[in-house]
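**Student:** Work the whole structure out from these sequences, hints included.
Just so you know, the protein sequences line up as chains A and B, in that order. If you use my numbering, the first sequence corresponds to residues 1 to 240, in order. If you use my numbering, the second sequence corresponds to residues 1 to 240, in order.
In short, the hints are calculated from the structure, not lab data. Be aware that one or more of the hints could be misleading.
As the list claims (entries may be wrong) - Think about it this way: if two alpha-carbon atoms lie no more than 25 Å apart in a straight line, the pair counts; the simulated SDA-like pairs of lysine to any residue are:
(1) A:Lys155 / B:Gln215
(2) B:Lys155 / A:Lys155
(3) A:Lys200 / B:Thr26
(4) B:Lys29 / A:Asp50
(5) B:Lys155 / B:Asn107
(6) B:Lys213 / A:Leu102
(7) A:Lys155 / B:Asn107
(8) B:Lys155 / A:Thr23
(9) A:Lys200 / B:Gln215
(10) A:Lys29 / B:Thr26
Being a predicted model, the structure only gives us computed values, none of them experimental.
2 protein chains.
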Amino acid sequence: MEKSNIKTAGLIIIGNEILSGRTQDTNTKTIALKLGDIGINLSEVRVISDNSDTIIEAVRYFSSTYDYVFTTGGIGPTHDDKTAEAIALAFETELYQHPDALSALINHYGGEEHMNDGRVKMTYVPRGATLIDNPVSSAPGFKIKNVHVMAGVPKIMEGMINNIIPTLEGGDIIKSRQVIVNRPESEIADIIEMIETHYKIDVGSYPRYSDGKPQVTIILRGIDDDILDKAMTALSKELN
Amino acid sequence: MEKSNIKTAGLIIIGNEILSGRTQDTNTKTIALKLGDIGINLSEVRVISDNSDTIIEAVRYFSSTYDYVFTTGGIGPTHDDKTAEAIALAFETELYQHPDALSALINHYGGEEHMNDGRVKMTYVPRGATLIDNPVSSAPGFKIKNVHVMAGVPKIMEGMINNIIPTLEGGDIIKSRQVIVNRPESEIADIIEMIETHYKIDVGSYPRYSDGKPQVTIILRGIDDDILDKAMTALSKELN
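**Tutor:** Quick look at the structure:
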């Protein structure tokens, strides 16, 4: 594929509930699509447990590897919400009470008398972080260096990522063309390879079963519409 | 939590289609639940692209870190299916044509004359690997060292993992108790922490929104039913 200005991202899902199989993750898909729309390529996802050392190691590696990093989960009010502290440690800083987070939460809960330890916990962020607005339940996410720290609850995460997206610098937008073929993948493997080699684009083939019969979705991806259209025409011809 | 005989697992999802947001992963949940049932704790999941070096690095790290490793994706007939070769490289061995894989595929496709390059590709596995039967489309997965290599198509993956599960040695089975509370998580954080500390069990709290109102699922986890029941009784009392 043409590589002119590709921006990369990594996503760290801090979520024992995903690892136990109790909860079906949906944040990956939401984030991947929103990033793709502005030309940022999700390159890796890790689902890890809420262990501080594990979080620190993943955040450091991702921050130095990808243009943008996103985390979901572990910024709530309970003792198992360890993300903010771990990220402060990862960047060798400390947590402090952000005045804007405090006033947002006091306002949300209807007065200082409704603040408790759990709510106060959510007003602490690493020094140097800027807040990410939470339009649903007020407790903010935050950004430090290239790491965007979001809630894990899909509804809140989506509110936060919508606030983040306009702040990101996208790269070349990868466009795609798709065709669904009702044949086994093993019958058309050589055609797919020929198209990829000839047009120098990325061609993915994704087999599945539809009503018990093999079906393949072929996706052509690239940054140049003309080349994609030509490849698509050639592919359709080969498949007939 | 009591740690007597905890078995761990790591899952590597080789899937550009998950990273692009085109496909919603469901294999994680299926695998996590099946492993949990026999006392194997899914500890980490990585979703990576079909880049050989990335696969090699992840497989080596997981193989030396977790008791059991599972991979999904990248063992089909096309040029972007690089998993078998990368895993051979990860373990410094080479691919060879497994006679049982060849006869399974010839049989499935109805004769040698129906074999083509893509189908032949699926008969190659790393030296030293044993085959994992594929009850859906015949092309086998394989096991090498502690790494179980499966297809990415959910229906095929499920057929393979069902064949793998009886071969694994499970650990202590982590049991759970669950209660759903219609209150904001920040109101009950102190109760959750008290229960965890007092009963030395793992307590997770998972907030969500139900009809626009905050709701928390509290899950107690441990290997001792008696302790879990006592903690559950205490928790219910505190929540009333």
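**Student:** For every hint, state whether the structure bears it out.
**Tutor:** Going down the list of hints, with the structure as the test:
{"no.": "1", "hint": "A:Lys155 / B:Gln215", "in the structure": "13 Å, holds"}
{"no.": "2", "hint": "B:Lys155 / A:Lys155", "in the structure": "30 Å, violated"}
{"no.": "3", "hint": "A:Lys200 / B:Thr26", "in the structure": "31 Å, violated"}
{"no.": "4", "hint": "B:Lys29 / A:Asp50", "in the structure": "18 Å, holds"}
{"no.": "5", "hint": "B:Lys155 / B:Asn107", "in the structure": "20 Å, holds"}
{"no.": "6", "hint": "B:Lys213 / A:Leu102", "in the structure": "22 Å, holds"}
{"no.": "7", "hint": "A:Lys155 / B:Asn107", "in the structure": "49 Å, violated"}
{"no.": "8", "hint": "B:Lys155 / A:Thr23", "in the structure": "20 Å, holds"}
{"no.": "9", "hint": "A:Lys200 / B:Gln215", "in the structure": "50 Å, violated"}
{"no.": "10", "hint": "A:Lys29 / B:Thr26", "in the structure": "11 Å, holds"}
Hint compliance for this structure: hints 2, 3, 7, 9 are not met, and every other hint is.
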